[in-house]
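Asks: Below, each chain spelled out in residue letters.
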Amino acid sequence: MKRLITPITEQDITDLRVGDMVLLSGKIYCGRDAVLPKICQLIEDEKLKEHDIDLEGSVIFHTAVSPAGVGPTSSNKLEIEGSFPILSKAGVKLHLGKGAIKKETIALLEDYNSVFAVIPPVTALLGENTISQRVAAFPELGMEAFYELEVKEYPVIIAAAHNESIY
Amino acid sequence: MDYDKNIVEKVSDTLVRAGSVFLPDKKEAYKRAIESEVNQQARWTLEMILKNAITAEKNCSPLCDDTGIPHLVLEVGPDTVVTGKIMQSIREGIRQGLRKLPGRPMAIKGNDFQRIDQSLGMDEDPGALEPAPVLIRNIEENVLRLHVLMFGGGPAIRGKTYRIFHKHNVENVLNEIISWATDATAMLGCTPCTLAVGVGRSHYEASSMMLQALVDGTYDKQSEMEKEITRKVNEAGAGPLGLGGTTTVLATFMKVGPQRASGVRVVCMRPCCCFEPRIATVEL
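Chains as they are written, first to last, in my numbering: chain V, 1 to 167; chain S, 1001 to 1284.
Derived from the structure by calculation, the hints contain no laboratory data.
Keep in mind it's a predicted model, so treat the numbers as computed, not measured.
Ideal Cβ placement from N, Cα and C applies to all residues, glycine included.
Among the clues, some could well be false.
To be verified - Taking lysine to aspartate or glutamate and the DMTMM-like style, the derived pairs with C-alpha atoms no more than 20 Å apart in a straight line are:
#1 K103/V to D1183/S
#2 K1109/S to E140/V
#3 K1058/S to E128/V
#4 K38/V to D1117/S
#5 K1085/S to E1283/S
#6 K2/V to E1047/S
#7 K77/V to D1183/S
Stated by the list, open to error - Each pair of labels, with its calculated beta carbon distance range:
#8 P7/V to N1175/S: 45 to 55 Å
#9 G1077/S to M21/V: 42 to 52 Å
#10 N1111/S to K47/V: 52 to 62 Å
#11 Q1114/S to E44/V: 21 to 31 Å
#12 K47/V to E1171/S: 53 to 63 Å
#13 G1263/S to D15/V: 51 to 61 Å
#14 G1077/S to E140/V: 46 to 56 Å
#15 N1059/S to G82/V: 45 to 55 Å
What the hints assert, rightly or not - Listing some non-contacts, in silico: residues in chain S with all C-beta distances to chain V over 12 Å:
#16 E1009
#17 K1027
#18 K1031
#19 E1035
#20 Q1040
#21 T1055
#22 T1067
#23 T1080
#24 R1099
#25 E1124
#26 V1143
#27 Y1204
#28 E1235
#29 G1263
#30 L1284
Please put together the full structure from these sequences, using the hints given.
Replies: This is the structure:
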């Protein structure tokens, strides 16, 4: 079992292999189809810092954040998978969700030394391993806002890395 | 509104159980799958899902953050009576149960246009979520019994209701179902599945049969058709979370209704996620 703590370094990613089971800790961001295109727009407009968001070495977990907890949504939704290039270029090292992603996306991740990981939808367990949460941007989106969580040992499996994948 | 408090409380508690507790036959199905799964990552995932279920049951907390849309099946015995007050009390029980679980706030606000494009956002009250229309059926037992099922969004994306030309051969229908399920489970992300299949004369009836299959189905006893679907989808090897392995499908629950005198069967296939059917039952 490997361990990753954010911010994730270039070497951390280089050492990862498809199929690695990893315990992930530290601060991570959460967003899904409603908010990720807005985050991409902030990057393009160079306004990310205005929201105190630092994507260097970061993780983006494709989930809503609600009183019911957190759990992965399908990463192959158009707006989510479509956000991978801009977010990776901006420093996101690990995209975390569920479901198969396209070969083109897997190849593109390698260009930026980023990886895709899946996480079991174990909301009750994740709730016990979530230390804190805050809205980082777009609070008007409610549970679909861009959140920052501090987490301890989230169980994840590397699904696509270095132009290889489990699919 | 003057509700029947006893019904409200029973329904509320039943919804919480549906959203947080695995039935015993499902726990056993997971234990069997863990024992037989040879893929290391897949086995780890199955263990996590079962551990999650034990934690959710202990905490009375949601199994999954997509707590789902309530779908209700009301069974009516020969001498029992369903009144408007009973139906309103069931609705109030659902409302209170969604607040207690807590359900994820998912009621979309606004008129027809705004509910489609989601431009007015969501109601913050989990209880504002409307259940799907209630399915009512007769039973021989002289009781009024309610089944509460919570339907998540992922299976709704990958499910399919469509016609199949049977050509007077069951294998043609089964092979098409297997083909749909193989494609769906590869993309779902929240495998292992329980496949729910309804066969009817219309889209409405096929969906209704699918819902009843989830009420009547059990992991302990599978028909030959159910076993064949499960076996063949598992041969494709998608596995838990798409990680590979032998456990893409835990079981198939299938209900075949009355059929039309024609060359067409209408089939509804829902690839229920690793927690579904999230179901609990109560006698009112």
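Asks: Evaluate each hint against the coordinates.
Replies: Do the hints match the structure? See the list:
Distance restraint check for K103/V and D1183/S: the Cα-Cα separation of roughly 17 Å lies within the 20 Å cut-off, and the hinted pair is therefore satisfied. Pair hint K1109/S plus E140/V holds up; C-alpha atoms about 14 Å apart against a cutoff of 20 Å. Proximity of K1058/S to E128/V is assessed by CA-CA distance (about 12 Å); at most 20 Å being required, the pair is judged to hold. Simply put, K38/V and D1117/S have alpha-carbon atoms about 16 Å apart, close enough for the 20 Å limit, and the pair holds.
The straight-line distance between the Cα atoms of K1085/S and E1283/S is roughly 16 Å, inside the 20 Å bound, and the hint therefore holds. Between K2/V and E1047/S, the direct Cα distance comes to roughly 18 Å. Compliance with the 20 Å bound is thereby established for this hinted pair. Distance restraint check for K77/V and D1183/S: the Cα-Cα separation of roughly 16 Å lies within the 20 Å cut-off, and the hinted pair is therefore satisfied. Between P7/V and N1175/S the C-beta distance comes to about 50 Å, which sits within the given range of 45 to 55 Å.
Taking 42 to 52 Å as the suggested C-beta distance range, the pair G1077/S and M21/V conforms, at roughly 51 Å. At roughly 33 Å, the beta carbons of N1111/S and K47/V sit outside the given window of 52 to 62 Å. Against the hinted window of 21 to 31 Å, the Cβ-Cβ separation of Q1114/S and E44/V comes to about 28 Å, which satisfies the hint. For K47/V and E1171/S, the Cβ-Cβ distance of about 59 Å falls inside the hinted range of 53 to 63 Å, so the restraint holds.
Range check, G1263/S to D15/V: about 58 Å between beta-carbon atoms, so the 51 to 61 Å window is met. Between G1077/S and E140/V the Cβ separation comes to about 49 Å, which falls inside the hinted range of 46 to 56 Å. Checked against the hint of 45 to 55 Å, the C-beta distance between N1059/S and G82/V comes to roughly 36 Å, which is inconsistent with it. E1009/S, annotated as away from the interface, keeps every beta carbon of chain V farther than 12 Å; the closest lies near 21 Å.
Distance check for K1027/S against chain V: the nearest CB is about 15 Å away, which clears 12 Å, and the non-interface claim stands. Even its closest Cβ contact with chain V, about 17 Å, leaves K1031/S beyond 12 Å, as expected for a residue assigned away from the interface. For E1035/S, the non-interface assignment is confirmed: its Cβ lies about 19 Å from the closest Cβ of chain V, beyond the 12 Å cut-off. Distance check on Q1040/S: its Cβ comes as close as 8 Å (rounded) to a Cβ of chain V, failing to clear the 12 Å threshold; non-interface status is violated.
Distance check for T1055/S against chain V: the nearest CB is about 4 Å away, which does not clear 12 Å, and the non-interface claim fails. Not every beta carbon of chain V lies more than 12 Å from that of T1067/S, the smallest distance being close to 5 Å; the non-interface claim is violated. Every Cβ of chain V is farther than 12 Å from the Cβ of T1080/S; the closest lies at roughly 34 Å, confirming the non-interface assignment. Non-interface call for R1099/S relative to chain V: violated, since the shortest CB-CB distance, roughly 9 Å, does not exceed 12 Å.
Look at E1124/S: its CB is around 7 Å from the nearest CB on chain V, not clear of 12 Å, so calling it non-interface is violated. Here V1143/S stays apart from chain V, with its beta-carbon at least about 32 Å from theirs, past the 12 Å limit. No Cβ of chain V comes within 12 Å of the Cβ of Y1204/S; the nearest lies about 27 Å off, and the non-interface call holds. No Cβ of chain V comes within 12 Å of the Cβ of E1235/S; the nearest lies about 17 Å off, and the non-interface call holds.
Distance to chain V confirms G1263/S as a non-interface residue, since its nearest Cβ pair spans about 35 Å, more than 12 Å. Residue-level check passed: L1284/S sits 26 Å from the nearest beta carbon of chain V, beyond 12 Å.
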